[in-house]
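> Chains as they are written, first to last, in my numbering: chain P, 2 to 385; chain L, 43 to 222; chain S, 1201 to 1635.
Hints may be right or wrong, so weigh each one.
[Unchecked claim] Which residues of chain P face chain L? A partial, calculated answer using Cβ under 10 Å:
1) Val53
2) Tyr72
3) Ile76
4) Thr77
5) Lys162
6) Ala166
7) Thr169
[To be verified] Distance condition first, Cα-Cα at most 27 Å in a straight line; then the derived DSS-like pairs of lysine-lysine:
8) P/Lys250 x L/Lys143
9) P/Lys199 x S/Lys1309
10) P/Lys312 x L/Lys166
11) P/Lys250 x L/Lys84
12) P/Lys46 x S/Lys1608
13) L/Lys139 x P/Lys68
14) L/Lys74 x P/Lys250
15) P/Lys268 x L/Lys143
16) L/Lys215 x P/Lys310
17) P/Lys250 x L/Lys215
18) P/Lys312 x L/Lys215
19) P/Lys251 x L/Lys220
20) P/Lys68 x L/Lys65
21) S/Lys1408 x P/Lys365
22) S/Lys1408 x P/Lys202
23) P/Lys231 x L/Lys220
24) L/Lys139 x P/Lys251
25) P/Lys46 x S/Lys1305
26) P/Lys231 x L/Lys125
27) S/Lys1305 x P/Lys365
28) P/Lys68 x L/Lys73
29) L/Lys215 x P/Lys231
30) P/Lys312 x L/Lys139
31) P/Lys310 x L/Lys84
32) P/Lys296 x L/Lys143
33) P/Lys202 x S/Lys1309
34) L/Lys93 x P/Lys312
35) S/Lys1305 x P/Lys199
36) L/Lys139 x P/Lys231
37) S/Lys1608 x P/Lys219
38) L/Lys93 x P/Lys251
39) L/Lys74 x P/Lys231
40) P/Lys231 x L/Lys166
Simulated from the structure, these hints should not be mistaken for laboratory data.
Since the structure is predicted, the reported quantities are computational estimates derived from the model, not experimental observations.
Here a beta-carbon is modelled for each residue, glycine too, at the ideal position from N, C-alpha and C.
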Amino acid sequence: MSGQVYPKDTKVLPGLQLEKVDDRIMTLNVGPQHPGSGHMRIIIKVDGDYIVHCDPDPGYVHRGEEKMAEYRNYITNIPHLERPVIHDSCNILYPYCLGVEELLGIEVSERAKYIRVIAAELNRCVYIQYWLAIYGIFLGHSTMFMWPVGDRELMIDLLDKMTGARVTHAYFVPGGVRNDIPANFEDMCLRQVNYFEKRLKEYADVFYDNPILISRTKDTGVLSREDAIKLGTTGSVLRASGVDFDIRKKEPYDVYEELDFQTNVLKEGDSYARSKIPWLDMLESCRIIRDALQKMPKSGSVRVKLKPKPKAGDTEVYRRVESGRGSLGMHIVSRNNPQPYRLKISVPSFRNLIAMPHLLTGEKLGNLPPVYWSLNYWPVEADR
Amino acid sequence: MSSTDSTEIEKSDDSSLVSDSDKSLSDAISKKFSNVEIAYVKPDRIRVNVKREEIIDVASFIRDELNFDHAESVSGVDYPEDKQIEVVYHLGSYTNKSLEKKILALATRTPREDNPNPGNDSTKLPSLRDVFPSVSFHERECFEMLGVYFDGNPDNRRLLLPEDWADIPPLRKDFAIKGR
Amino acid sequence: MSVIAPKFRLGYLIKGLTDNIFWIIVILTLVGLPVVQIVLIYIDFPIIDGEIWNPFRVLDAITHPERALPLVKSFMQTDFFKVAAFPGFGFAALIAAATIFVERKLLAKLQLRVGPFYCGKVEGILQLMADGLKLISKEIIIPAKADKPLFWAAPVLFAATAGAFVALIPVAPGWVVADIDLGLLAVFAVIGFFPIITIVSAWSANSKFPFIGGIRALYQMVSFEIPLILSLLGIVMLTGTLNLMEIVESQASFPWIIFMPIGAIVFFICILAELERIPFDLPEAESEIVAGWLTEFSGMMYGLVQLGSYLKLYAFAALFVVLFLGGWNGPWFYPMEPIAEVITDGVVLMPGALTLEIEGGLLFSQEMINGLIWFVLKTVGVILVILIPRGVFPRIRIDLLLQIGWYKLIVLAFINIFIALALVYSGIIGPGGIL
């Protein structure tokens, strides 16, 4: 590594600040080794039971995906790009594939588009189930931890049949998908999705209609519509605050405009609404999958073969999709090389992180887990 | 530094796909600001290159007159051969129905120094935090990853990198990954 | 190649064994036997049937059950047995251990899992033992800045206080460790120790999360103790006594829950809060404050606190049974008299070898066995009802909890008191009432 080493005065490190100890205000490090933090640290200051200051400190799982992408060509970038969010790996590869296809001028076959949509929706369910499980255990509801983790296996099984891997699929490639789906997949998918939908409706009885849950999460961490827009939040956080914005509807990619589904919007903007939106999204996903299975062409090619190490011209592209957490965009700058010159991943978790200090300041300490996790935040994805 | 002579991005050819609304957006910007360069107008994607002195004016104009209300991403791109670092703000709109699918890329450039001293050298840009509050964390990331100091952002601390990181900003092109 | 004992020689092994045997004999003769003699001098031997027992008779009694039975019966009347084994600690710990196992299996079934499965072949029945062994073998870590004596004392105090609570519970006619006239008052006094122990341990750990957890526990326990005490006042008015045995005997025809359902509900909610169980497990809220006041405990210190809290769970459930569900009262289903052949012919323990002739059953009276079975059944039922919310409810927030305690439960407890007063003054039940 070249270049000048900084800072010159190593005693004063940027980011480290020593503070005067206050008698009344207590500083708590929630994380990185805290059962309620995930792979991040939230430095909070509490005055009694109230959080008076909140400073999220991500970066504990920063892996330099963007730097790595600059050293690998467009195809070999695929497996490592899905690492930031392996539970939603199809959706994080989606904008990349769309962008590279736009750069290289590839048209994907109709069947591949439908398979992509099905895989992306299955993966969205897998992610949201995992998220819901952690939301449940953060609230002390252990049944809501076990049920989603168990029912998630249905979707993982389907993806396993489809792609050959349980979580890290690396299924999407520029030009389509890696392999065709197995012969009896459609019946099996329909059966499991129907059962999954039946199970999802049982969650309402045990979790979403639970009086203690409602009394605890209603009117906590309220994000107004104006703030949600101003802070640039996305996905379930935005839609829970009453903004009707879903990339699948607003900027349809692949075959989403031909499918029958609706956008879930709630007006309250509290952590209950934010936790309910992903659940409604899963029900919509089931509809999308059923619709796509029906409309999918029964045969055809699924992949346009690229020549090895394809080069794109001097251009740039910004593509975004609706992932399990919200709008996931990729800005790919190409300079006539087999590798991208710069790949910026704009992840929804990072964008929603801005809302965290805004929401947590002034809340009670007991509201930290529901408000924090209702942001649909995935630390590994935010760090990239 | 000038944003006009250094752009590598060619103008788009497929002007047939570009709708009138995209055209009218770019026309509105170029009519208001004379030395702003419209890099390309593609379907739903517009890129505007501005000088760093007038980025706040252009951004305020885009927010107030064109109804773009949030930033989707802030990506910094290093161009060592130009001795410049480019920062691209991808702006979107939630409130305006006709703009929901459009992304306006607002790009600006700042001089780059071979021996960076982040925060204390000439690699500085005015912060857009007061115009778009959504850029605050993105700018923090851009500062640590490329060493671009944003004047006016009150929070220019580290975000993702460790506190004791003592090397050049890692997303610069002269920071090489070992073994590659 | 590695071998277990590289320098093994048979001679060394034999020499070592002989040495050990030699020293064991020497120490036994020079130290063990004199100690036994001295102890025997000072021990008062029981007088059974007018005869003083001595060690030789004890050794003699072991050989035949018929001779051993009077000794065992007299031993069972000693305070030591009562405290350590039957109505006291051992019995409670057994029920507590069964509770932990049932809790895990029940929760697993609720959550579509199997729960403990492998340890002990049959449905993981030995899982608790394995967990206990693991806890014992773990290192005990004490924070560097902790107040060490207090920090060490807290788990022991907690378990001991829970044991004291257990001692006040009557489980069967005549079977209680401490039969005192002010039994209910003693229960309140013992409950009052728990917040103090909690705050002491939280303070002595000198760490932030235990401190917050301790404060929360203090708030929670103090605010729920008031409705807990008030909800029991009605029973005291109706029975006119504080003695738990007499309270149970007063429910021979009907349990008090029929007349005081409100008091029972208030008391049950207060039990959940006092036990720090979901939905009121705020002092140990994992996602907020790590493990609350238990954060810094490790190894067997944590195990002791867990033991104490499960003893407490048993004690509260048993208290609920004693006060509201009629204790050991219940229809007879065990034969009221010992079977006639037992009295006349005795019990044949080993056919052809031993015949015992015992009057009045083997060890316990028929009444006691019938009562005990009812008591255990009721207690287990109450424990199950206490356990089920864990699979159904999320955790509540501290301000909602305090609001429930101060605004709702206290009001309900007063309503219950007025109901009791109305019953007493209208002369329906209570001292000198119709029923």
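> State for each hint whether it applies.
Checked hints:
no. : hint                 : result
1   : Val53                : violated, 17 Å
2   : Tyr72                : holds, 5 Å
3   : Ile76                : violated, 17 Å
4   : Thr77                : violated, 12 Å
5   : Lys162               : violated, 34 Å
6   : Ala166               : violated, 26 Å
7   : Thr169               : violated, 22 Å
8   : P/Lys250 x L/Lys143  : holds, 9 Å
9   : P/Lys199 x S/Lys1309 : holds, 20 Å
10  : P/Lys312 x L/Lys166  : violated, 33 Å
11  : P/Lys250 x L/Lys84   : holds, 20 Å
12  : P/Lys46 x S/Lys1608  : violated, 32 Å
13  : L/Lys139 x P/Lys68   : violated, 36 Å
14  : L/Lys74 x P/Lys250   : violated, 32 Å
15  : P/Lys268 x L/Lys143  : holds, 22 Å
16  : L/Lys215 x P/Lys310  : holds, 21 Å
17  : P/Lys250 x L/Lys215  : violated, 38 Å
18  : P/Lys312 x L/Lys215  : holds, 20 Å
19  : P/Lys251 x L/Lys220  : violated, 42 Å
20  : P/Lys68 x L/Lys65    : violated, 35 Å
21  : S/Lys1408 x P/Lys365 : holds, 16 Å
22  : S/Lys1408 x P/Lys202 : violated, 41 Å
23  : P/Lys231 x L/Lys220  : violated, 40 Å
24  : L/Lys139 x P/Lys251  : holds, 9 Å
25  : P/Lys46 x S/Lys1305  : violated, 40 Å
26  : P/Lys231 x L/Lys125  : violated, 34 Å
27  : S/Lys1305 x P/Lys365 : violated, 35 Å
28  : P/Lys68 x L/Lys73    : violated, 38 Å
29  : L/Lys215 x P/Lys231  : violated, 33 Å
30  : P/Lys312 x L/Lys139  : violated, 36 Å
31  : P/Lys310 x L/Lys84   : holds, 26 Å
32  : P/Lys296 x L/Lys143  : holds, 25 Å
33  : P/Lys202 x S/Lys1309 : holds, 20 Å
34  : L/Lys93 x P/Lys312   : violated, 30 Å
35  : S/Lys1305 x P/Lys199 : holds, 26 Å
36  : L/Lys139 x P/Lys231  : holds, 16 Å
37  : S/Lys1608 x P/Lys219 : holds, 21 Å
38  : L/Lys93 x P/Lys251   : violated, 32 Å
39  : L/Lys74 x P/Lys231   : holds, 24 Å
40  : P/Lys231 x L/Lys166  : holds, 24 Å
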